[in-house]
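There are 2 protein chains.
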Amino acid sequence: MPEIKTVRIQESLLAANDDRAAALRERWRKSRTLAVNLLSSPGSGKTSLLEHTLPCLAERARVLVIEGDVETDNDAERIRRVGVEARQITTGGACHLDARMVERAWDESASAARYDYVFVENVGNLVCPASYDLGEHRRVVLLSVPEGEDKPAKYPRAFRDADLLLVTKIDLLPYLDFRVEKARHYALDVQPDLEILATSTRTGQGLDEWVAWLERARSAEYGPG
Amino acid sequence: MPEIKTVRIQESLLAANDDRAAALRERWRKSRTLAVNLLSSPGSGKTSLLEHTLPCLAERARVLVIEGDVETDNDAERIRRVGVEARQITTGGACHLDARMVERAWDESASAARYDYVFVENVGNLVCPASYDLGEHRRVVLLSVPEGEDKPAKYPRAFRDADLLLVTKIDLLPYLDFRVEKARHYALDVQPDLEILATSTRTGQGLDEWVAWLERARSAEYGPG
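First to last, the sequence lines map onto chains P and C.
Quick note on our numbering: the first sequence kicks off at 1 and runs consecutively.
Quick note on our numbering: the second sequence kicks off at 1 and runs consecutively.
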């Protein structure tokens, strides 16, 4: 029964990942670091969001970005170009990050510095990353307007464990049949407590609210300052 | 060494899938059915492409669509609404179709009818589906303009084994920093023999060329008629 054996190995790998993620979360608690895991399809605008908002956040806090991709270090380069520290993980085929990869990248950076925020940009994928806890305190899922409103119904797991949904690229609303209300309905159907923000890195809409959301999340974990 | 064991089981599952895919391809050869496997990110426009072009193809050929999704049968419903026969596979969490799922869906349909074309719309995902042969004769990958030009570099496997790249949603080019030439460059870097068509289901651009490409592909496999 090769299928049953595979499922069991998968479960035991997930359990080992959960343990490591819990240990990482505890380390972050001690250093008062808020960890945010960003999930979305390829090309939904995760890197663009970070490029447009982290320079502002980094004026008043210490920020690290850990980038996950199957191949290339393009995204870490983009983050560094806006003056924010970044580490690249290339998974070499794997469709998600796991807690061990993140821990290794964290160890390489955190030996030299302390951070108030660590952003983990997962591999662009709405399926696999959803099953892997990376030790984050907040999970954020992006849905870009061109992808269509129904993605929460079709990929429920990615939305079910999220704290915040960012509807991105809303500058494209005039050119597409996308209704934010309908996307909201699909998303709340999967996760009734989901907070939702509509954003555009082109027009700047919603970006201040996103930074404020991050600051509130860090205060909620560690108190002000 | 749980990692090595997992890799070996993965390899043996892939080998079993390859065998089943080869058998399926042979069955399709006997029935003179051209099988096309469509891959892309979520929301790149796979279903929209089929909705806009299969009714035309179905006027002169027998067409079946097999839809793959993690959840919901929305996509099969959409295809049926334009008058084309469709079967839905829901993978219930798996990030890709495999040859066995497709074979089962095929058996349910092909006992009652004969088809000239079978289109398999894979789960929206640029990583996992790339490793699974579904017995197809042609693999088609879609890249929508809002996703950005660099996806072939970041998800090379999905593009490496493809025969055709469809750059979709080109009606959005005026509103985005996407250069088709740059995407072409990235894609040909990964797969120098890739054919490339630029399409839009909104304006109709490239759709006739896509249907002609399909008809040429079927002729190349089985001769005219």
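Just so you know, the hints here were simulated from the structure itself, not pulled from any lab data.
All values derive from a computational prediction rather than experimental measurement.
Using N, Cα and C, we set each Cβ at its ideal position, and we do this for glycine too.
A hint or two may mislead.
Covered stretches of chain P, as calculated for chain C (at least 3 residues, CB under 8 Å) [as the list claims (entries may be wrong)]:
#	region
1	30 to 43
2	54 to 61
3	69 to 77
4	113 to 120
5	126 to 140
Hints and how they fare:
1. By the rule of at least three residues with a Cβ nearer than 8 Å to a Cβ of chain C, the coverage given for the region 30 to 43 of chain P holds, with 3 such residues.
2. Given as covered by chain C, the region 54 to 61 of chain P fails the check, having 0 residues with a CB less than 8 Å from a CB of that chain where 3 are the minimum.
3. For the region 69 to 77 of chain P, the assignment as covered by chain C holds, since 5 residues bring a beta-carbon within under 8 Å of that chain's beta-carbons and 3 suffice.
4. Judged by the Cβ-Cβ criterion of 8 Å, the region 113 to 120 of chain P is not covered by chain C as claimed, because only 0 of its residues qualify and three are needed.
5. For the region 126 to 140 of chain P, the stated coverage by chain C is satisfied: 3 residues place a CB nearer than 8 Å to a CB of that chain, which reaches the threshold of 3.
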